[in-house]
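*Asks:* Chains A and B supply the protein sequences, listed in that same order. Residues in the first sequence are numbered from 1 upward in steps of one, following the working numbering. Residues in the second sequence are numbered from 1 upward in steps of one, following the working numbering.
Calculated from the structure, these hints are not laboratory results. Treat the hints with care, since some could be wrong.
As the list claims (entries may be wrong) - No farther apart than 27 angstroms at their CA atoms in a straight line, the calculated lysine-lysine pairs in the DSS-like style are these:
| # | chain 1 | residue 1 | chain 2 | residue 2 |
| --- | --- | --- | --- | --- |
| 1 | B | LYS76 | B | LYS163 |
| 2 | B | LYS76 | B | LYS184 |
| 3 | A | LYS101 | A | LYS76 |
| 4 | A | LYS101 | A | LYS163 |
| 5 | B | LYS163 | B | LYS134 |
| 6 | A | LYS76 | A | LYS163 |
| 7 | B | LYS188 | B | LYS101 |
| 8 | A | LYS101 | A | LYS134 |
| 9 | A | LYS163 | B | LYS76 |
| 10 | B | LYS76 | B | LYS101 |
| 11 | B | LYS163 | A | LYS184 |
| 12 | A | LYS163 | B | LYS188 |
| 13 | A | LYS188 | B | LYS184 |
| 14 | B | LYS101 | A | LYS163 |
| 15 | A | LYS184 | A | LYS76 |
2 protein chains.
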Amino acid sequence: MTQNIYDNPEFFSGYSQLGRSVEGLDGAAEWPALRALLPDLRGCSVVDLGCGFGWFCRWAHEQGAVQVLGLDVSEKMLARARAETAYAAIAYQQADLERLKLPDAAFDLTYSSLALHYVERLNELLAIVHQALKPGGSLVFSVEHPIYTAPSHPGWAANADGKRIWPVDGYLVEGPRTTDWLTKGVVKQHRSIGTYLNVLLRQGFSLTHVEEWGPTDDQIASRPALADERQRPPFLLVAARKGSAR
Amino acid sequence: MTQNIYDNPEFFSGYSQLGRSVEGLDGAAEWPALRALLPDLRGCSVVDLGCGFGWFCRWAHEQGAVQVLGLDVSEKMLARARAETAYAAIAYQQADLERLKLPDAAFDLTYSSLALHYVERLNELLAIVHQALKPGGSLVFSVEHPIYTAPSHPGWAANADGKRIWPVDGYLVEGPRTTDWLTKGVVKQHRSIGTYLNVLLRQGFSLTHVEEWGPTDDQIASRPALADERQRPPFLLVAARKGSAR
């Protein structure tokens, strides 16, 4: 089973105070870009891998999805999701993404925000996701960008001119990375963009969009600290389809 | 017109002494990975964008391609290509990739090795490439990896532990980068992986493989200096198809 860092009290407390936890989807700067990759959800059946507090599940329901399944490894997050986003169309279940089971050809959309970089057995998970999608169904997900996860010492440094640089090493050395974020010893799986995309292609997905996310000019104008994210992208957003892309 | 750095005497002299110029395709460490992406060439019509000394054109001819068109901006390179790889099935033409003209639905394969990162008008070029491919035809190309081209100061640096790092900045700031390589003032176009892939998808290509190239264990064993390339990939290899991927 993947490390369940979200049920660590220190991590959970820190995570609960992030903008994206307090403000919901609009607290995540990459949300507008991720939303733009989603299909029309009216009448759709949706599964969210790593649903957290259920913000996306609620949004999907509000967009007209008729059945929404939110899965998360964290009982703490699910408890809050159930309490705050209790709708008949939304079901929440505890699930380990390393050994997921889903019904065949049941979903129009599989969504996942910043969860798949915790998963070791990505190939197996994406095989199950592919099987669980209806023909023509969509997979839209975000992960931490490989440039962000690669370094042995992730964090801004300065070059000889005093300019901020992101010190990349180990980019092609895939595997676990242990970092201190909100608490000590958070384990993520680093893999290259090529690996993410080729795993999808091998499973029979067609790629429809690949975005190395960075802030828009408007976002930087209202939050100048976001400008650094243009120096190296923090997130990778991918949209794929089961079957032919067109 | 793109800067024609290859006809600069200092650049041409330096380039002519590189392993890939002296030894041909086998002098390029990424060639086995790029070759693995190519379709069976027997009976095929092939165009090579940035054919240089004609090594690939000759190889394609040897693999059974019946018509091979080698295009390059450099008259010096074409002169050597014509002299050293003169076969009836191969034609060489001087061409500016910024305003390329190709016949419609004429080729089974468009190949390009380390040329497209010089091109400013990539969208326009790939529209022409798409139109010039037969239905189901392939595009296989390599470019310098965006992690390699992004930095304002490209070159290895050391982190606090004395380990080699590659100092990334400006990754999402696309546009020209001027570097000194073989001669001063070589201009390349930096763009993200996402941009390369989305331009292809918008033109109607299906992606079939995306590889952030690094050396194999065997390559490092015989050339230990290649190990650094695992810290940050030097090349991006892409395979795409006109029409559906399968």
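*Asks:* Taking 27 angstroms as the top limit, are the C-alpha atoms of B:LYS76 and B:LYS184 close enough?
*Replies:* It holds: about 19 angstroms lies between the C-alpha atoms, which stays within 27 angstroms.
*Asks:* Assess, step by step, whether the Cα of B:LYS163 is no farther than 27 angstroms from the Cα of A:LYS184, and give holds or violated.
*Replies:* With a Cα-Cα distance of about 23 angstroms, the restraint between B:LYS163 and A:LYS184 holds, given a limit of 27 angstroms.
*Asks:* Against the 27 angstroms threshold, does the CA-CA distance of A:LYS188 and B:LYS184 hold or violate the hint?
*Replies:* 41 angstroms, violated
*Asks:* Does the alpha-carbon distance linking B:LYS76 and B:LYS163 stay inside the 27 angstroms limit?
*Replies:* 41 angstroms, violated
*Asks:* Under the criterion that the straight-line Cα-Cα distance not exceed 27 angstroms, is the pair B:LYS188, B:LYS101 satisfied?
*Replies:* Measuring from Cα to Cα gives roughly 22 angstroms; hence the hint holds.
*Asks:* With the threshold set at 27 angstroms, check whether the alpha-carbon distance from B:LYS101 to A:LYS163 stays at or below it.
*Replies:* 43 angstroms, violated
*Asks:* Are A:LYS184 and A:LYS76 close enough, with their CA atoms no more than 27 angstroms apart?
*Replies:* 19 angstroms, holds
*Asks:* Are the Cα positions of B:LYS76 and B:LYS101 separated by 27 angstroms at most?
*Replies:* Within the cut-off at roughly 21 angstroms; holds.
*Asks:* Does B:LYS188 lie within 27 angstroms of A:LYS163 when you go C-alpha to C-alpha?
*Replies:* Holds, at about 22 angstroms.
*Asks:* Would you mind confirming whether the straight-line C-alpha gap from A:LYS101 to A:LYS134 stays at or under 27 angstroms?
*Replies:* With Cα atoms ~15 angstroms apart, A:LYS101 and A:LYS134 stay inside 27 angstroms; holds.
*Asks:* What's the verdict on A:LYS101 and A:LYS163, does the C-alpha distance respect the 27 angstroms limit or exceed it?
*Replies:* The given pair, whose Cα atoms are some 48 angstroms apart, is violated under the 27 angstroms limit.
*Asks:* Given the hint that A:LYS101 pairs with A:LYS76, test it: the Cα-Cα distance must not exceed 27 angstroms.
*Replies:* 21 angstroms, holds
When the structure is compared with the earlier hints, violations turn up for hints 1, 4, 5, 6, 9, 13, 14 and for no others.
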